[in-house]
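Participant: Chains as they are written, first to last, in my numbering: chain A, 1 to 406; chain B, 1001 to 1300.
It should be emphasised that the hints constitute simulated quantities derived from the structure, not laboratory data. Treat each hint with caution, since some may be false.
[As the list claims (entries may be wrong)] Estimated spans, in silico, between C-beta atoms of each pair: (1) Ser1230(B) to Ser370(A): 43 to 49 Å; (2) Ser370(A) to Thr1115(B): 54 to 60 Å; (3) Ile199(A) to Arg1183(B): 37 to 43 Å.
[Said to hold, decoys possible] Taking lysine-lysine and the BS3-like style, the derived pairs with C-alpha atoms no more than 25 Å apart in a straight line are: (4) Lys1069(B) to Lys1023(B); (5) Lys1264(B) to Lys1240(B); (6) Lys1188(B) to Lys1122(B); (7) Lys1264(B) to Lys371(A); (8) Lys1188(B) to Lys1300(B); (9) Lys1122(B) to Lys281(A).
C-beta atoms are modelled at their ideal positions from N, C-alpha and C, and glycine is treated no differently.
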Amino acid sequence: MQQWVSYMFVLLAATLAAPAANASPDSEIHDFDAAIANDAAETESAPTARSPLTGAAVQMRQMNPDISLILDTSFGWFSQDDHLRQGGHAMNENGLAVQGLEFAASASVDPFFRFDLNFELSHLHLEEAYLTTLALPLNMQARMGYLNAQFGRENPLHLHSWHFSNPSLMHSRFMSEEHFSGAGTELSVLAPTPWYLLIVGQVLGTADELGLRSDSFGNVAFTQKGKNDGPEDFVYVARVVNAGSFSDDWALNVGLNGAWGQSPYVPDNRVTLYGADLYLKWRPLSTGDDAMAVGLTAEALVRDTQVPGDSVRDAGGYAALDVQFNRYWIANLRGDYVQTLGGEAPEGSNLQGLGRRASLALSYIPTHFSKLRVQLDVGQEKRLPRYVAGFLQLEVSAGEHGAHSF
Amino acid sequence: MKTSRLLLLVLGVLGVAAPASAKLNVVTTLPDFAAIAQELGGERVNAEALLRGTQDPHFADAKPALIVKVNRADMLVNIGLGLEAGWLPVLMTQARNANIQVGAPGYLDGSQFVTAKEVPVKADRAMGDVHSGGNPHYYTAPDELFRVAQAISAKLVELDPEGRTYYQERWQAFATKYEQKVREWQAKLAPLRGTKVIVYHQSWTYFLDWAGLVEVGALEPKPGVSPSPSHVSRLFNQVKDQKVRFVLQEVYHPTSLSETFANKAGATLVVLPSMVGAADGIVTIWDKFDRIVNQLTTTK
């Protein structure tokens, strides 16, 4: 534990020291000369800011966080009661329900940190709350707090960023009912390569439910000692992303993911997750048809879990095609599956079972702040008959909602 | 031994990949700012825009390739007033570049140097996608763009004081050319003063005020809301006797409805380049305003 405390202090010190990291006596003199030259230049030619500080503009300059509320409410219908597990925030029964009411806030803390918060008001739980460093040297960035695991493309997304009204089967079985997330810290490095190469490492605590939210890894109470007694009791996540643009119109992201932690079935035994993901997007910016886009997402993972007297391997994946016809209409098609590949899974565990599902969604987006979606699912769990489900989802966002990652 | 060779290989790759240019690396959201920075910075500057001129600046993707560009920037110039709020903050945070964060020496918000128009007394989404600081499309007017150019020039001197004389000479040349071009454009546009126009989106407010044209309505019922048949019909009834001459829009909005409206109203649809790069042959701001002025003055 002491090592982790030391690590945090080193990180903090590096952050605060970063702006002066390259300073030397010579550079300081040079900076001083430059400052004198700047002052002279500014006096001669610098324009002055002209925006009027009135009304709403004054409000903009107050240092309040950007705050937004995002509501997702749905009507769901299933052709039969026995159907695939739908996952967190998804409709699981016939009728009307609030899928989520998210409170999001974000702000710069100071020149060195940014703060982000996502709290789920309808189910009263913390989704994410973390600091992000803005000034670490060597292209590094750290995040600290309660974080979604950087594993694949789907897990870091919040409900309002989904292209379907329910998460993939893979997500529900391997990540968690919510997100695979936990209290922890992350360090990432953007490599100085000509293309985008990002290397991410995370350490998540497992102390209690708010320490770790996972359907693959066990928490610290399940160790033989029942308490945190070494680095093996944490969950470790690694992700490498390569991305490139063939042209202005094409973009490709390829990610490799790994997560390591302890088994929830045998104290001090292990679970490993390996995954890969791909995102290919075509958006014809060069011709002015930038409201149109086609995206292909594919993601797959394999899990090895040590269980009493055996090791179980299961896998899952999905592929989704998004076709944006114009600024207002998007169609999405998804096929997903989960399957046990080998080993004897404990009765009642989420390690067993075969599931398949196809989903077709159509979304109407009248403005950037509202969305209406209809979705049709056809799914089947191994021993159960095929079922059909339909969803009608309305999503609205009020306030200053932040930007989204690609 | 194998490990050390691998390490050397990795370091070699990183070393080769590291930027070797001593030029000031200017990254801008708006292509116009990149064109201005390149003109003002000459051989001391590499300027590149994140947006294409054919792209709607409200809806860009925060693509990783753009993160790399912002990561390597010495200076970032943005439009401001919330126009890039859906994508630029992600690029800035994920770029891990302390030099271009808000308040850092390399950060320049162009909107700080313009007189914002249409600043709402109360910003409410019921009014559409309004921006609480005012209409952000100031880059359609030469005078506002000139003020931002002046700020870019001052920032270049601040970040690269050794090139001060060089930048100031280029600024003088830019300012002289601006005065000459403005006289030329205003002379050509003079006969159009008072001409009534309909716009698709309220992007042309600054230009119309500068040129003396009069906006009498917009096809979008509210900013960012798709034109509805009922609104367009109501607008037609409102303006049918007002002798509207032009329907103006950018290249990235659909033209079918605008064309129909223009035909019914006895007006002409003119698709104008709102940004540098919006059409072939527009690589500088002079090209952009030459094209706009020529399109307006030659369209019957």
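Participant: Take the hints in turn and mark each one as holding or not.
Facilitator: Against the structure, the hints:
Take Ser1230(B) and Ser370(A): their Cβ atoms lie about 19 Å apart, and the range 43 to 49 Å is violated. Checked against the hint of 54 to 60 Å, the C-beta distance between Ser370(A) and Thr1115(B) comes to roughly 32 Å, which is inconsistent with it. A beta carbon spacing of about 56 Å between Ile199(A) and Arg1183(B) contradicts the range 37 to 43 Å that was offered as a hint. A C-alpha spacing of about 14 Å is found between Lys1069(B) and Lys1023(B), which places the hinted pair at or below 25 Å, so the restraint holds.
As the CA atoms of Lys1264(B) and Lys1240(B) are separated by approximately 8 Å, the hinted pair is consistent with the 25 Å bound. For a cut-off of 25 Å, the pair hint linking Lys1188(B) to Lys1122(B) is broken: about 38 Å separates their Cα positions. Between the alpha carbons of Lys1264(B) and Lys371(A) the distance comes to roughly 33 Å, so the proposed pair goes past 25 Å and is violated. Restraint check for Lys1188(B) and Lys1300(B): the C-alpha separation of about 14 Å stays at or below 25 Å, so the hint holds.
A hinted pair counts as satisfied when its Cα atoms are at most 25 Å apart, and Lys1122(B) with Lys281(A) does not qualify at roughly 38 Å.
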